[in-house]
Amino acid sequence: MNGKPKIGVYVCHCGTNIAGVVDVEEVVKFASTLPDVVIARNYSYMCSDPGQALITDDIEKLGLNRVVVASCSPRMHEPTFRKTLLSVDLNPYFLEMANIREQCSWVHEDPIAATEKAKRIVEAAVVKARRLEALDVKEVDVEPSCLVIGAGIAGIQAALDIADAGFKVYLVEKNPSVGGHMIQLDKTFPTLDCSACILTPKMVDVANHPNIELMTYSQVEEIGGYIGNFDIKVRKKSRFVDMDKCTGCGDCAEACRMAGRFPNEFDEGIGMRGAIYLPFPQAVPAKYTIDKENCLFLTKGKCGESPKCQEACQAKAINFELEDEIVEFKVGTIIVATGYDVFDARKKPEYAYGVYDNVLTALEFERLVNASGPTGGQIIMLERGKKKKKKEGEEAEPPRVPESITFIQCVGSRDKSVGNEYCSRVCCMYTAKLAHLVKDKLHDCEVTVFYMDVRAFGKGFEEFYDRVRREGVRYIRGNPSEIFKRGDKLVVKAEDTLTSTPLEHETDMVVLSVGLVPRSDNREIIDLLKLSQSSDLFYLEAHPKLRPVDTASDGIFLAGVCQGPKDIPDAVAQAKGAASAAMIPMASGKVKVEAQTSVVNEETCRGCGFCVQVCPYSAIELVEVNRMGWPVKVARVNEALCKGCGACAAACLSGSIQQRSFKDLQLLPQIQALGVK
Amino acid sequence: MAEKTDFEPNIVAFLCNWCSYAGADLAGTSRIHYPPNVRVIRVMCSGRVNPLFVMNALQQGADGVLISGCHPGDCHYMQGNYYARRRFNLMRNFLEYLGVEPERVRMSWVSASEGAKWKEVIEEVVNGVKAVGPMDMFKRRQLNW
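As you go down the protein sequences, you meet chains A and B in turn.
Reminder that position 677 of the first sequence reads as 677 in my numbering, one-by-one numbering, no gaps.
Reminder that position 125 of the second sequence reads as 125 in my numbering, one-by-one numbering, no gaps.
Simulated from the structure, these hints should not be mistaken for laboratory data.
Treat the hints with caution; some may be incorrect.
Unchecked claim - Heads up, simulated DSSO-like pairs for lysine-lysine below, C-alpha to C-alpha not over 27 Å straight-line:
{"no.": "1", "chain 1": "B", "residue 1": "K117", "chain 2": "A", "residue 2": "K416"}
{"no.": "2", "chain 1": "A", "residue 1": "K530", "chain 2": "B", "residue 2": "K119"}
{"no.": "3", "chain 1": "A", "residue 1": "K576", "chain 2": "A", "residue 2": "K174"}
{"no.": "4", "chain 1": "A", "residue 1": "K663", "chain 2": "B", "residue 2": "K139"}
{"no.": "5", "chain 1": "A", "residue 1": "K292", "chain 2": "A", "residue 2": "K236"}
{"no.": "6", "chain 1": "A", "residue 1": "K677", "chain 2": "B", "residue 2": "K119"}
{"no.": "7", "chain 1": "A", "residue 1": "K416", "chain 2": "B", "residue 2": "K119"}
{"no.": "8", "chain 1": "A", "residue 1": "K677", "chain 2": "B", "residue 2": "K139"}
{"no.": "9", "chain 1": "A", "residue 1": "K545", "chain 2": "B", "residue 2": "K119"}
{"no.": "10", "chain 1": "A", "residue 1": "K347", "chain 2": "A", "residue 2": "K566"}
{"no.": "11", "chain 1": "B", "residue 1": "K117", "chain 2": "A", "residue 2": "K530"}
{"no.": "12", "chain 1": "B", "residue 1": "K117", "chain 2": "A", "residue 2": "K545"}
{"no.": "13", "chain 1": "A", "residue 1": "K530", "chain 2": "A", "residue 2": "K174"}
{"no.": "14", "chain 1": "A", "residue 1": "K330", "chain 2": "A", "residue 2": "K590"}
{"no.": "15", "chain 1": "A", "residue 1": "K592", "chain 2": "A", "residue 2": "K330"}
{"no.": "16", "chain 1": "A", "residue 1": "K530", "chain 2": "A", "residue 2": "K566"}
{"no.": "17", "chain 1": "A", "residue 1": "K316", "chain 2": "A", "residue 2": "K236"}
{"no.": "18", "chain 1": "A", "residue 1": "K576", "chain 2": "A", "residue 2": "K530"}
{"no.": "19", "chain 1": "A", "residue 1": "K590", "chain 2": "A", "residue 2": "K233"}
With the sequences and hints as input, model every part of the structure.
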């Protein structure tokens, strides 16, 4: 097989994608003059069945032992053509691709220059192909377990699917409870299902499933290894409450001296909590947590005579000595489902969020309309940050109910001024849903929505939008420029762009339909897993169309909004996709590992150890060998650890360590071919 | 340098598979047009680029060389782009010492989502090399690999 190279060159038209700019015939004519080229052909679609048959026929009839396909990017079809070679028992690493589409015909307009460049690219591929070597494809065992990071709806769904299929799942959640953003919502569009009613059964399931090890209030600290064999280290933060003893009765929270002093994150700061708390009544696990930043005993070392919570707890669950716990385990695959933050409305100062009490974000408004929220679902005017002065005998003033509520859409979405060009995909519909809920609860409340466009694209969306308008919600097309106060009313200044009329709209409450943005702590996961980000800074999938749940790293998958804004059914669908993708290597039990690893020529290696120092994976070590009776040290590569970056090959002074398929003697002829004017 | 206006430089680029090569592919998928002077060699990581490759390209007829990798901190192999950057800086000093104009060798960070940036990088490199003219310092050395 490694005898004299016999190369076939196949130039693809890709319809007119390539042939529309590059003179394919001329490239073929040129290729047939190159050394060791036995046959050069062109075909309309090389990736099609007849296209691949051209290659296999030639391999069998002409005895080709190297194949060059000049078509699209190797990132697109290299796996396809490797399989083509394999189907006729030619080692798949005898393939070289010449990218004359993405990096030639699609980016150059001048046919002469593009054809000239295509010839150079093909020649570089041919001269490399002459030097290609057969590589062994090795397999490693896959640990039949999965780490799911984040327990919102996406993480929960992925964990349940994988656990139901019989694999072990480690579900790690940063917050004290599972549920994510979905459990904060009141109703869901467009069906008006109660969010908690459909989610809480799943939350309970992940806690009770025999195949799921749930770790809440925990963070992944280290990830090492590779597909099939990831080494995971998780920090379980101390709650200062013994999880086994806590019954979730809540006596501690009532007793806490700081009860009701701190904004509850779960209620977006509209509701309050103490230093020991359960974020919400249906929290899973239903165990209390002490907030160590705010607990008097933990910050000051003193809480009156003795901590009230400890006195109140009959189960004796509270233990201020408890420390963080580090757990280590192995998994075969990883699913990232870390979710999102909502856009910080303070970045749009014209909307005066944080200035006026009754300018709310939509997520705050969700908590306000939610029957289990801090107002029991009553929509009332907010008085934020004011301590209620209770005087003896004075009746608390009844809360004011807004007579008019105004929504503003696209806050932080489709807005270059804040750096978010994208559409957040959920705001149009959640606005319609919230508008409906207002009309449902306060029949006479006047509801107005300012919008740019209404995107009601999903199943049942347009019908719902229609229904909401029929219920009397007024839609005004225009992006407000300012919100200010006049008397006790808020004034929204805008232009009705359908009638070109400037207007000032008076209202009691403004709800900002904030978009979805990447989490502020996104960087932590990027550093752990080496994920890429797309230009909107959400995590980047391996291919936007065909590999939407994969990442560039094998064995690591994405689910939910961490990959880009989506609604609940889309997040669930993607989670199920990620779960099934993760189960493929786990079910087969074996996975192919990188073949383009490094290799040492022990005859010339002088054991300097530069390669050992630069290897990011500690895959190289110095070992002692016998060289003509003398013990000498040489480098040796652990192929299971080598990921094929080639850093060692660039560091080696004698060229003794080389990266397979990217050896000096394979790259230097390419350089020479490309240097030709 | 008016006489150099119709000079079309030949530039060899080393792109890492995960970021810059994918970014260049994205420029293609997005049909972003740029000058055809740059010819690409794909390596898995910018850390694979031996400084001798750069010297070799300049000897073999390239008027300029571009090395492009993942943004600092984003390397698919954790630290390969840092190695590349360190080697590149040393090599550029050395080339300057030899009398090679620094405009001829360049390093850039282009991510998989930066198709538009790839075009900008290409235009900058091509214009930079155009300004210093053809590379005729080294004797062309044709080898039979």
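Results of checking the hints against the structure:
no., hint, verdict
1, K117(B) / K416(A), "holds (18 Å)"
2, K530(A) / K119(B), "holds (25 Å)"
3, K576(A) / K174(A), "holds (22 Å)"
4, K663(A) / K139(B), "holds (25 Å)"
5, K292(A) / K236(A), "holds (14 Å)"
6, K677(A) / K119(B), "holds (22 Å)"
7, K416(A) / K119(B), "holds (21 Å)"
8, K677(A) / K139(B), "holds (14 Å)"
9, K545(A) / K119(B), "holds (23 Å)"
10, K347(A) / K566(A), "holds (22 Å)"
11, K117(B) / K530(A), "holds (21 Å)"
12, K117(B) / K545(A), "holds (22 Å)"
13, K530(A) / K174(A), "holds (20 Å)"
14, K330(A) / K590(A), "holds (15 Å)"
15, K592(A) / K330(A), "holds (18 Å)"
16, K530(A) / K566(A), "holds (23 Å)"
17, K316(A) / K236(A), "holds (21 Å)"
18, K576(A) / K530(A), "holds (23 Å)"
19, K590(A) / K233(A), "holds (23 Å)"
Of the numbered hints listed earlier, not one is contradicted by the structure.
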